[in-house]
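J.: Be aware that the sequence shown starts at 1, since it is given in our numbering, and climbs by one per residue.
Everything labelled a hint here was simulated from the structure, so no lab data went into it. Note that the structure is a prediction, hence the values are computed from the model and not measured. Positions of the beta carbon are idealized from the N, C-alpha and C atoms, including for glycine. Take the hints with a grain of salt, since some may be wrong.
[What the hints assert, rightly or not] Across the chosen pairs, the derived CB separations fall in these ranges:
#  : residue 1 : residue 2 : range
1  : Arg-355   : Arg-83    : 16 to 22 Å
2  : Thr-225   : Val-361   : 46 to 52 Å
3  : Gly-254   : Arg-355   : 24 to 30 Å
4  : Ala-248   : Thr-52    : 31 to 37 Å
5  : Thr-144   : Asp-95    : 32 to 38 Å
6  : His-290   : Gly-198   : 32 to 38 Å
7  : Ala-90    : Asp-111   : 37 to 43 Å
8  : Asp-111   : Ser-323   : 35 to 41 Å
9  : Glu-228   : Arg-143   : 41 to 47 Å
10 : His-252   : Gly-320   : 17 to 23 Å
11 : Val-92    : Arg-352   : 38 to 44 Å
12 : Thr-52    : Gly-266   : 25 to 31 Å
13 : Gly-217   : Glu-146   : 31 to 37 Å
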Amino acid sequence: MNRSSAATTAAASSGEALGATISSCGRRLGTAADRLDGRFGIDHLTSRPVPTLPVLARDAVYAAVSPQDAIERVREAFVRHHRGEWRMPAKVYLDSPPHGDFRAMPALGGDLAMLKWISSFPGNPREHALPAVIGLVCLSDARTSEPLALLDAGAVTALRTGAVAAVAADALAAGRTVGIAGCGLHGGWAARCLAAAGYGPGICYDPRAEAAQALAGELGWSAGTREEALAADVVACVTPGHGPVVGAADLHPGLHLNMLGADGPGKAEATIEAVVACELFCDEWAQASHGGELTGAVEARRVTRADVTDLGSVLAGEAGGRSGPDAVTLFDSTGLAIQDLAVAAAALEALRAGRIEAQTVAL
Numbered sequence: 001m002n003r004s005s006a007a008t009t010a011a012a013s014s015g016e017a018l019g020a021t022i023s024s025c026g027r028r029l030g031t032a033a034d035r036l037d038g039r040f041g042i043d044h045l046t047s048r049p050v051p052t053l054p055v056l057a058r059d060a061v062y063a064a065v066s067p068q069d070a071i072e073r074v075r076e077a078f079v080r081h082h083r084g085e086w087r088m089p090a091k092v093y094l095d096s097p098p099h100g101d102f103r104a105m106p107a108l109g110g111d112l113a114m115l116k117w118i119s120s121f122p123g124n125p126r127e128h129a130l131p132a133v134i135g136l137v138c139l140s141d142a143r144t145s146e147p148l149a150l151l152d153a154g155a156v157t158a159l160r161t162g163a164v165a166a167v168a169a170d171a172l173a174a175g176r177t178v179g180i181a182g183c184g185l186h187g188g189w190a191a192r193c194l195a196a197a198g199y200g201p202g203i204c205y206d207p208r209a210e211a212a213q214a215l216a217g218e219l220g221w222s223a224g225t226r227e228e229a230l231a232a233d234v235v236a237c238v239t240p241g242h243g244p245v246v247g248a249a250d251l252h253p254g255l256h257l258n259m260l261g262a263d264g265p266g267k268a269e270a271t272i273e274a275v276v277a278c279e280l281f282c283d284e285w286a287q288a289s290h291g292g293e294l295t296g297a298v299e300a301r302r303v304t305r306a307d308v309t310d311l312g313s314v315l316a317g318e319a320g321g322r323s324g325p326d327a328v329t330l331f332d333s334t335g336l337a338i339q340d341l342a343v344a345a346a347a348l349e350a351l352r353a354g355r356i357e358a359q360t361v362a363l
């Protein structure tokens with residue numbers, strides 16, 4: 001036999017031996033897996049179909065959940081969280097300087113678990129023609145851990161932010177006229193939800209006059225100055241939080257302030273003097289005291305836990321709202337994962353009921 005034939009024969013023998021070894025290992029692994037199946041009830045991975053996941057894009061989320069529905073769902077979420085029925089750990093921030101930050105927000109309520117992975121990159125619209133807020137919401141079955149749906153986090157966040165403005169106004173406001181300071185995405189949904197709850201007419205203010213005019217035209221309200229917007233009964237501040245919009249001189253009897261823009265460390269829409277002059281409420285003390293409108297006053301030791309009432313306790317009937325019609329109230333909204341869960345759950349219900357359609361992806 002020549003060297004070439006010998007090499008070929010050796011390679012073939014080696015290949016047959018390797019094949020026999022793999023086959024033997026496969027049989028042993030299969031037998032072990034069978035034993036595990038019998039012992040632990042584990043399904044063979046190959047016996048389960050490849051799961052598909054519905055993906056609700058921005059317009060699908062908006063079509064699935066009306067402002068009225070979002071308001072009711074968010075109100076219920078506040079109460080359930082206050083009673084300990086819905087749970088969430090602390091929001092996690094991941095800075096990406098100098099561009100912005102990422103946030104991870106998990107929550108569990110009922111039969112659903114949720115994780116929102118979202119960003120706040122204020123320069124995106126100007127520098128990259130992208131939204132300032134981008135992200136995903138993942139809904140899972142809380143009983144099995146099975147992923148159920150993916151949703152556009154920007155739409156979920158906008159809806160719940162607007163809904164919170166209406167829920168807080170219903171609980172704390174004395175009057176009905178509205179001022180909107182900041183007419184971007186979230187300011188627009190705050191205005192829409194307040195209008196859906198019966199508030200108005202309103203004054204819309206934004207440094208970009210065209211944004212204020214567009215929102216005012218949509219709702220049949222008026223565009224105006226900052227001072228005109230802050231003269232309303234219910235004022236929603238929905239700015240990036242880079243500097244104060246409200247000072248102590250802007251406060252007037254009966255005013256209710258929804259502070260929606262200062263949703264992270266270092267942000268503020270009101271001066272400390274304005275904050276300490278108000279009756280104070282928040283979505284959750286742990287977040288608001290470390291990364292919300294109250295943070296500056298807390299760090300200056302002008303506000304303590306005893307000075308602030310959780311909105312959930314008011315909605316649950318365990319605490320009072322404003323002390324009287326002339327009081328000035330301030331609600332600090334930092335944004336809670338349980339609010340996102342409430343809106344995402346409503347969207348999933350709409351999908352399952354056939355009221356909307358969604359594309360799917362295979363995992």
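J.: So which hints don't hold here, by number, going up?
T.: 1, 3, 4, 7, 9, 11, 12, 13
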